[in-house]
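Student: Residue numbers (numbering that gives the first Met the number 0), protein chains in the order written: chain D, 0 to 504; chain G, 0 to 491; chain H, 0 to 250; chain W, 0 to 83.
Pair ranges (Cβ atoms, derived): (1) D:Ala409 with W:Leu10: 48 to 58 angstroms; (2) D:Met469 with G:Val27: 21 to 31 angstroms; (3) H:Gly104 with W:Asn28: 20 to 30 angstroms; (4) W:Leu10 with D:Thr167: 17 to 27 angstroms.
Every beta carbon over 12 angstroms from chain H, so not counted as near; a handful from chain W, in silico: (5) Ala1; (6) Asp3; (7) Ala12; (8) Val42; (9) Phe46.
Everything labelled a hint here was simulated from the structure, so no lab data went into it.
Nothing here was measured: the structure is a model prediction, and the numbers come from that model.
Ideal placement from N, C-alpha and C gives every residue a C-beta, glycine not left out.
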Amino acid sequence: MNHLPVLVVVIPVAGAFLISLVDTVRPAFKSTAALLVATAHSTTLVAAAYRGMTGPALLYSVGEWIAPVGISLMVDSFSAFFLLLLAIGHLASALVRIESGDRSEWARKSAALIALFFAALSGITVTADLFNLFIFVELATVCSIGLIARKRHPGSAVAGFVALMAATISGALLLFAVLVLYVATGTVAMPLVAQAAPDLPAHLHGMATAAIIVSFGIKIGLVPMHFWQPRTYHAAGTTVAAILSAFGLKIHVYALLRLLWFPLQAPVVLPGVYSILLVMGMVNILTGHSMAMIERNLVRMLAFSSIAHVGYILLGVAAAGRIGGSAAVYAVAAALFHTGMHTLMKSALFWSGHRLIHLSRSSRIMDLGGIAWRAPGSIIAFSLAALAIIGIPPTGGFASKWFVAMAQQALLPVLVIGAGTVISLVYYGRFFLIATRRDPPDSFPAPHPLSLRPRLQTAVVLALAVAAVMAGTRDVQVRSLLLRAAEGLVDQADFVGPALIGRGR
Amino acid sequence: MNTLFPFALAIPEGIYFSAFLVFLFLGVILFLNILRQKEGRYAFPAAVHVAAGVLAILARDIMTLLVAWEVLAFSAFILIRGTGTARGRRISLRYLVIQVTGGVFFFFAALLHFGETGSLVTGILVPSAQPFMVAAILIKTATMPVHFWLTQAYPSVELSITPLLSVYTTKVGVLTAAQLIWISPAGFPVLAWLGAGTAVGAVILALLQHEARKLLSYHIVSQVGYMVAGIGLAAGFSAMAATAGMFHLVTHTLYKALLLLVAAQAVHHRGHEDLTRMGGLGSRRPLLLLCGIIGAAAISGVPFTSGYASKYLLKEASQAQPLVTYLLYAASVGTGLSFIKFTHLLFFNRANPPSSDPSKTRAPSMVPLVLVAGITVLIGLFPHAVPGVPRRAFFTPSSLLSALLPLAASALLWMVLKKRLTRPATTVGRAGTGAGGVHATDTRAKPFPGKAHAPGTRLRRGARTLHNLGPQAQVLLFLLVLAVTAGLLWPR
Amino acid sequence: MESPVIRVFLTRLTAGFLCLLLSLGFVVLLLDAGRHRAQTIPTQMEEPYTARSVAETGSINVVTAILMDYRAFDTLGEATVIFASVAVAAAILGKPGSPSNRTMGLLSRRQLSALLPLFFIFPLFVIFHGHLSPGGGFQGGVSLAVLVILIHVAFGDRFGEEVIPHRILALSEYGAAIGLVGIGFVGIFQGSAYLANVAAGFPRGTAGTLASGGVIPLLNLLVGMKVAAGLSSIYVHLAGHEAENVPEKRR
Amino acid sequence: MALDIAFYLILAAILVSAFAAIHVRGHLNAVIILSVFSVLTTVKFTFLQAVDVAMAEAVIGAGLMTALFVTAISKTRKRTWRAR
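The shape of chain D in the complex, shown without the other chains (with noise of 0.2 angstroms):
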């Protein structure tokens, strides 16, 4: 039995008592513990990835009990790509995060939080089992809120309660569809429910769809439930804002292409949920891109870039609801492309911000006056990353966006990818003349005296940013991938039927 599904969990979640263990005993060496951890985990990932994408759909019954009774794990090649993405992450971000000796309690647990809340993602991404998946959403919740919560920030505390609430109640809809579905199939295994799904009646199914799009809405930011977003990410700060948007949201945008496409069989059974996901993704194009382009603070305005990137990925998600069939793959492939990309270059954005605000000591846009002559490896990176962010060719955002496009059936959408286009170069470009200009105030402050290790974050930060340009001019070797995670999710030959039922021990 190849163990790499269970291993993508637990290897993390030992990683992060090891990590604390370590804090507690030789304090100095944290920072390599969370290295090793996230080095490990990523390899794993990879492992892992590579094996979901080059072979059949990897099953795995963790204490050798069968569907029915036990948790089962799965890594086929649509969570494949996931898992791509969170091995990039968690390398990434404890790279940047490699502090140099600050003893706050915050920073001393936020490692140990980071390496259980890439355990909880990456569990999100390999189980197939709802539940479980439910107590992995959770598990990454109550991580991103401590993570949230920093001491003796100002407006933290309340941004983080914000944040709970919200996840308290997108935890208890999700709870609720689950509960819904056992007790009308008898069962939490996804493929079994995936079996009965068709057979279940309309509204009890309607019902549990509505509860799964608002639960993992709210974690997405669908546009009435964004609200939550902008100020928790503002209070964040910024390499942590950079975790929470560009892979945990992610992974929650995983989470409900798998619970629609397999567990509720929406595609077949209840098609015009995509309908709505349409209308929901262009209102949150132009909500997104028109907020950020009022916003006056740097991290706000990222967020809100978020919520309007969420768009472009629900319009390809949709596009591939409403054709169904096989034509349904290229859609997909759409979606995880800007998917990706996305990642990419909101990372390098952040985390590029981060340098920025962390040498002028504010995050306000007018504060950022001429910063860039003094961080010129930060502001080049993220001026990559904007430009792959607008959708300028031929960088890997201008592709994942034109994929996006070419899915779509109707014109409306299309046009509203343009605005987009335009309205983000607006704030993007205010930022870049902000940020280079000739005339700095005279003195900037101080920076903070506890700093991250600038050199190696803009290495990390410039690699991502190149990243994201460069994939869109290797764009036939990133469809191939492309294509094969989104016939993961497309055709679901592999589970639905017998598969885990049928295998004695």
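Starting from the known structure of chain D, arrange chains G, H and W on it as the hints suggest.
Tutor: Coordinates of chains G, H and W only, in the frame set by chain D:
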């Protein structure tokens, strides 16, 4: 599926080859000119700008062309924002936004074309993609309703940058139009009409200008109008028109760069741009005078200059649409008038002789001017030497006459309007920049009515306040969305 | 922050009404779902558990069998959630400092010091008999944590810190957690799956005796340790927290 | 029969205590009533023969949560005791 970015490049043929040569030549010359000016920080964006311009003409697929468009826009953005003033930054951002809007239209067109044909090789676009492409072209070529980005940006940059900017952006738009567009809804040459209208309208506005580079910028708009008219006429009316438009691109790119270089020298000496407060340069700097006259003659279409040849071809091609021809004639009259004014004010006006002795200018600064002027003269004398120009008898009596008539009209008008046109700007006010500009009061003193009443402020504040919702209201919203979603998904 | 319009709707009445409506909707839907299952699936889902658990796991208590064997991965996740919330509490509240020395009255303290050893019997019983009688690691662990809190409240935080230092609490939590994760690997090394019990070669024992159920008692012990240590260190952080951020407002 | 009546009485008491916990003045009172709610729920679970859950509810709901809440409230320095 094909690859999205094949990056197919090829050396073009025919008249496009001469355009390629001109792009290359002017790119090198003007880049060296910028380097010579010790504007080191412009070196990188200028090099990128030149490379993008050359890439645009080498591109054999739509995506590469779009890449060239965007790289041109962004490098020009960097060049424009280099002035560093608040106004410069505002203008540069406006420039970038309008350029990328054009790029987005291009994106739509490419998307539709790709969706129908599955190919991105350069060629006439599918009909559904054409309107978007036309919108993109109109923006890129600064055709009349959307010309403002050009006339705002070009005069406000450093003196050595303006010639470089004038070479590529609008010309690449014309190139793209020539390769991708073939539009004439119901037999009506939309682009030809828009181009000819722009040629006339921009000349009228140019006549009202008093700042050297602003005047020349309006002439760019006008001259690009000629080219757009030629491209528009190509659609089913005259196959030669596209070639004529491209030939005009070649000649115009050269003489406009020359004129801008001349203007840069003059402005550099006087330290300001106001033409009415210049003059007397002619006797002090004969070489500059010569270059200026060559440029002015070329743009006015004086026989045996390069502008004459290309305008002759254009008018020849527009025979099928006589009204377009008349509009182009009218524009010629205006152009001639405008450049009589330009030359007069710059070189011959005795009212304001230069205070310092300009003869001490170092010779190298004149090298690019002489080179470009020489080529302009050569093209004018031997138009057939240009690759891709069709075999025509350029210098028949009737064609010479048809070129001289508008010039005579210009000269006549100059006699009548001389006083009015050369009146110092201070008494005229900022006439000509827009409607109602005739008031003598300085309208720049208070450009905005004040921040509190700026439009949209209330909306912005409202939107910001909305995003500070407390947790309870948010929970209420979550439940509301749940109810709505559930209602939509409830089986009927 | 909120506009007055919203505030009007946020009265307690509306909130209560909404809650009532929501819970009614949930209940109705769940009942409906149950009815649907009763019609379509004749056999009960729980049957495999109730029929097989004793034979397969050696644990008399079916709930523990599910928690610690069939779905032990969930339990691992839950234990991790507790670990995460301890870390969050620590991150938000900061280092436990300046323990207060307020104690209960003398009489209470005397009584407690006599009774306290007896109090420990219950949680230990619950933990060790998790596979035989109701209860298990979670419940026993929480009871232990409550006892730690009782010591703190009754004898003062300083005494509590002396008896059970925070460092020891933290270390035992991490140790138990690492042990919990590590035991899972036994299954992998034995050629079975992660967190496998009998399949990994743990002795099933005679059902009904203390030494039965394979690895279940061990898991119970570790979970109990971890939960107890985790929850009581949350209390220690909370009790030691100085409320410096609260603005003073006296009337 | 008597047991049934007792069961329904407990259910009613749970409802009453839940409402009381929301509407009572003062956080401390609310916390204490919440622990009463937990105890009643424990009894209910025992009636339903879910002893495991009952035990968990008793120690977590009535024991641990009350202790943590009271500690938290005592840390807020009397500010919110009589507000509302």
